[in-house]
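Novice: Each chain is listed here by its residues.
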Amino acid sequence: CITLDVQAACRGATVTQELLKEGFHRDLLVRAELGGVGEDSGGCAVAARTRLPAGIYVDPYELASLQQQNLTKAVLTPDVIDVEAPEYLATDLLVLLYMEPDPRCPRCFRATLPVHGRYHRPAEDSEEALVVLKSPEVLICCCDSHPPAECWKPAEVEAPCSGKTDGPCQWYSVTHKPAYEETILQVPVGFRQHSSFVCVVTLLATVLCSSLILAAVCRYGHLS
Amino acid sequence: LPMAVSSRGNAEALVALLVLATLYFVEGGSVGKAAACYGLAVHLKIYPLTYALPIALHLQSRRCGTERAAAAGCGKKAKLTFVRYLWQLVVKVLNRDVLLFGAVAGSVLAALTLTFYRLYGWEFLEHAYLYHLTRRDIRHNFSPYFYMLYLTAESKWSFALGLAAFLPQLLLLLVVSIAFYRDLAFCCFLHTAIFVSFNKVCTSQYFIWYLCLLPLVMPSLKMSWCRGALLLFLWFVGQGLWLAPAYFLEFKGCNTFLLIWLAGLVFLFINSLIIVQIISHYQKEAQVSKKLKQQ
Chain A
53 CITLDVQAAC
63 RGATVTQELL
73 KEGFHRDLLV
83 RAELGGVGED
93 SGGCAVAART
103 RLPAGIYVDP
113 YELASLQQQN
123 LTKAVLTPDV
133 IDVEAPEYLA
143 TDLLVLLYME
153 PDPRCPRCFR
163 ATLPVHGRYH
173 RPAEDSEEAL
183 VVLKSPEVLI
193 CCCDSHPPAE
203 CWKPAEVEAP
213 CSGKTDGPCQ
223 WYSVTHKPAY
233 EETILQVPVG
243 FRQHSSFVCV
253 VTLLATVLCS
263 SLILAAVCRY
273 GHLS
Chain B
20 LPMAVSSRGN
30 AEALVALLVL
40 ATLYFVEGGS
50 VGKAAACYGL
60 AVHLKIYPLT
70 YALPIALHLQ
80 SRRCGTERAA
90 AAGCGKKAKL
100 TFVRYLWQLV
110 VKVLNRDVLL
120 FGAVAGSVLA
130 ALTLTFYRLY
140 GWEFLEHAYL
150 YHLTRRDIRH
160 NFSPYFYMLY
170 LTAESKWSFA
180 LGLAAFLPQL
190 LLLLVVSIAF
200 YRDLAFCCFL
210 HTAIFVSFNK
220 VCTSQYFIWY
230 LCLLPLVMPS
240 LKMSWCRGAL
250 LLFLWFVGQG
260 LWLAPAYFLE
270 FKGCNTFLLI
280 WLAGLVFLFI
290 NSLIIVQIIS
300 HYQKEAQVSK
310 KLKQQ
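For the protein sequence lines, the chains are A and B, in the order given. If you read the first sequence in the numbering used here, its first letter stands for residue 53, the second for the next number, and so on. If you read the second sequence in the numbering used here, its first letter stands for residue 20, the second for the next number, and so on.
Next comes chain A alone, as it looks inside the complex (with noise of 0.2 Å):
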């Protein structure tokens, strides 16, 4: 929970996010920077909720571990992730990542999520497929009794605020400018042409390899 000025919360808010490190595995960096300034009072929680794409995902299991290591904290709808699955046959995901101060200023957000391209379709004329992130919405649970700011909205969120669940704590969505760019993930694909050309060779290989050792076994094993 951290304590803010709930009047002066939107002037100049803004939230970022980037692609950290390269490749399948990478690190979703979200920051968000409320604005305003002015006297702390109350007790809130800031969270940021994206929809992640198809073909992108959080591995549940890692993201449990992180958590009880207190690294990163989280919420996903659904929270059953077929991780194997390739990105036409998965679905999008609801995430909701709860957000740290960060020390860089004041009004700063941070939170970083572990996160995992999936394998896309061959291509016939592309290396790479294309995963597009949308901005993340900025919200904010309070779980005291001042009134909200003028430019937060209620917001529907299935989630606990900040480990509470009882008392009369409201999750608002925060009006703030959105990330500059869309945030690109690139993932490698096949290629289509390679199709018939593949499936020979490996069939071929595989029919050279396993005759070589049936003949061992022919002159070396007991067949009759």
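Please keep in mind that the hints were generated in silico from the structure rather than gathered at the bench. These numbers were taken from a predicted model, which means no experiment stands behind them. Heads up, a few of these hints could be off.
To be verified - Straight-line alpha carbon distances no greater than 20 Å define the calculated DMTMM-like cross-link-like pairs of lysine to aspartate or glutamate that follow: (1) B:Lys271 x A:Asp79; (2) B:Lys271 x A:Glu179; (3) B:Lys219 x B:Glu142; (4) A:Lys125 x A:Glu139; (5) B:Lys271 x A:Glu180; (6) A:Lys125 x A:Glu189; (7) B:Lys175 x A:Glu176; (8) A:Lys73 x B:Glu269; (9) B:Lys52 x A:Asp79; (10) B:Lys271 x A:Glu189; (11) B:Lys175 x B:Asp156; (12) B:Lys219 x A:Glu136.
Unchecked claim - In silico contact screen, one side only, chain B against chain A (beta carbon under 10 Å); selected entries: (13) Ala129; (14) Tyr164; (15) Tyr166; (16) Leu190; (17) Val195; (18) Phe276; (19) Val295; (20) Ser299.
For glycine and all other residues, C-beta sits at the position ideal for the given N, C-alpha and C.
Once you have looked at the hints, place chain B on chain A.
Specialist: Then chain B, alone, in the frame of chain A:
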């Protein structure tokens, strides 16, 4: 390798222990204990199911070795054709030891399945067994078939290609079972090495399945240290050739699919070469034949 793999959550060391115990009890004549260990091993991991045929053939051959040849109908005066030999095996396999083994192993497996079904319900059946029927994992792995299955995953040829990939594996397992069942440890080692090398999915943890049987086979491998070291070196080189492009694909996002596929084919060839060398330098058969002649 077993420590690294077991700490990931796959208790391969436990399955290896049960497989070794099964072979130990079969060789020692304790069919019931062997069957119990076998049932438990299959419950933990399905791959020991492939040992059913070699074990059945071995048990019927042991029976032939211990009884009067004439009474058991085991002797043969003329060299049989391959087909008649196969038919004779099929008939002889239905003997007391084999039926006892099947009954005990089946009962242990059924009891364990029922117990865990009562504890965990449908989720247990789904994750333990049904999942393997519908699983489609097209991500990169050591298998030579990986790229073929990835490219054709949604095509009309997918089922036919999957079946075509299964046939060499099935044929080799059958032939190896018939050719080497007399030496059960060697037969199971070849079985698993072939099963893993020709499987549609192959990862490092599968190597433990046959490496745990290698110590049983090695004393009878009449191979120079030089040749053995060279084969081991080739095995590691094969993995290295695959791991390099796979690292660049997974952790750097480079499109190295073709290189990974080619490395998978090279690794298959190296594994096949090693299996052929092991078969051609294994000399326990000579000792077994001499023992049978002396009896």
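Novice: Hints numbered earlier in the text: which of these fail when held up against the supplied structure?
Specialist: 3, 4, 9, 10, 13
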